[in-house]
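Asks: Sequence:
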Amino acid sequence: MLDTFREHDSSKLDRYLVFGLILTIPSIPFVRFGAGDFQIPLAFLIIGVYACLKLPVLIRDSKPVPMRVSITAMLAIYAAWSAASLLWATTTDLAASRLFIRICQIFFCILVINFCAVGLASVHRMSWLLPLAVLVVVLVGYFGYFTSTNPPHYQFSYEFPRFLGDRNSDTFMILTGLPFALAMLLTGAHGRLGSFLGLVAFVLMALAIFLSLSRANLLVMILVVSILVIADFVLRRGRLRSIMLVAALCVGLVVVVSLVPSDRFVQTITQHEKRFEELEDDTRWGLSVAALELAAEHPLTGVGLNNYPPEFHTTNTGRFWYRAERHKPVPHNSFLSIWAELGTPALALFTMILLWPLASVLRLAPRIMRSQDLLFIHLFLGSLGLSLVLIQGIMAYNFADIFYFWLVYAVNALIIVALDRALRHSSERSLAVRPFAKRGMLFGARQEYL
1390 MLDTFREHDS SKLDRYLVFG LILTIPSIPF VRFGAGDFQI PLAFLIIGVY
1440 ACLKLPVLIR DSKPVPMRVS ITAMLAIYAA WSAASLLWAT TTDLAASRLF
1490 IRICQIFFCI LVINFCAVGL ASVHRMSWLL PLAVLVVVLV GYFGYFTSTN
1540 PPHYQFSYEF PRFLGDRNSD TFMILTGLPF ALAMLLTGAH GRLGSFLGLV
1590 AFVLMALAIF LSLSRANLLV MILVVSILVI ADFVLRRGRL RSIMLVAALC
1640 VGLVVVVSLV PSDRFVQTIT QHEKRFEELE DDTRWGLSVA ALELAAEHPL
1690 TGVGLNNYPP EFHTTNTGRF WYRAERHKPV PHNSFLSIWA ELGTPALALF
1740 TMILLWPLAS VLRLAPRIMR SQDLLFIHLF LGSLGLSLVL IQGIMAYNFA
1790 DIFYFWLVYA VNALIIVALD RALRHSSERS LAVRPFAKRG MLFGARQEYL
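Each position in the sequence shown, counted from 1, maps to that position plus 1389 in our numbering.
Worth flagging that the hints you see were computed from the coordinates, not collected in a lab.
Predicted, not measured: the structure shown is a model, and the values here were computed from it.
Glycine residues also receive a C-beta, built at the ideal position from the N, C-alpha and C atoms.
Check the hints yourself; a few may be wrong.
DEER-style ranges, computed between Cβ atoms [said to hold, decoys possible]:
#, residue 1, residue 2, range
1, ALA1748, VAL1525, 30 to 36 Å
2, PHE1532, GLY1409, 22 to 28 Å
3, CYS1639, PHE1408, 32 to 38 Å
4, LEU1402, CYS1639, 42 to 48 Å
5, MET1741, LEU1612, 17 to 23 Å
6, VAL1458, PHE1532, 43 to 49 Å
Taking the hints into account, I'd like the entire structure generated from these sequences.
Replies: Below you can see the structure in the form of structure tokens.
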């Protein structure tokens, strides 16, 4: 099917970057360099090498590069506004350290979105590599969960250094692999083996999120899975196979859950009930209220990048409600964090940046439905789920400040761009053939092209 989608628009360097980034995902929770706030994952080194090799090629190339102006402008303005916050930040050293990291993250996204042209064949291979890479760290987490004596909850690891942080960060990483695992099963675009691997990966990831006791990410998972199942049913016009696959998912979950020791499963159920009952007394409410107070006091500028922790103690909530914690106070919501630190303009800008992938992939839905091609449907479902995870997942924690969030954002953008390009080529080829072919001949020519 992919033979005619030549990699003419994808250089080896671009393909190596994408596969290299995905292959480093299993190392992210355990391998890091640097000290303090300057924690550098292995993937960041790959990006640095790619930038050094790619920029000279772009300088020598005489062909104009088609820039994606809207998203590039929004990212650049977001970086500039973050830099300007140094002027009003009360603690400039904290703001400067965060600014360096943010500029690196945004530069990476701008570089990848505009100058990394990956063809559909590479994206097709990448779509199954992503969930399998995440599955590696999921299995490490299961090893820790079942070998540790009475673990508090599921995590990737209990003995290795942790780059991402707590269980919310763990489950956010799992959520990024979940949509493509589900798409592999629903569409069968990777064959029977791919469908089986998708089923195994999805069941293990879903159970890991449940065992993690992360309330917000559990709800996000349920919502994303429901939307993807409905989207698949609509796109494929209610095929019986979709219903049977959903039933297979339920059976698979029941089988895997039966393998969990009953005492630990009952303990997890009890802890979930307790956590939802104590929702109103959760410390995060205080952190969120304090963020709203700071946003109300500084609606235009905020208190400065990375200045929420010191400014938290100046709020009414911080003075009278604050409970001692092991970690510095941070809002468990990226929207509130940006609103408090950078003001309303930055919040609106970040929201548009976050919605760009979802808006882009939804615009492809009519063409996907007309094509009825399993490969297109597979990539559409995976990208749709990934876009929803990026939007909803950051409501559970301040994920927008970690490198992994922007790595997934850039990978999702590459998938959307490659899918849009392939759909355009398919449409142009169909229009070119239609005047000279009968309907049956057109269908055959189009299938050969796809």
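Asks: Are there hints from earlier that the structure breaks, and if so, what are their numbers?
Replies: Structure breaks no hint.
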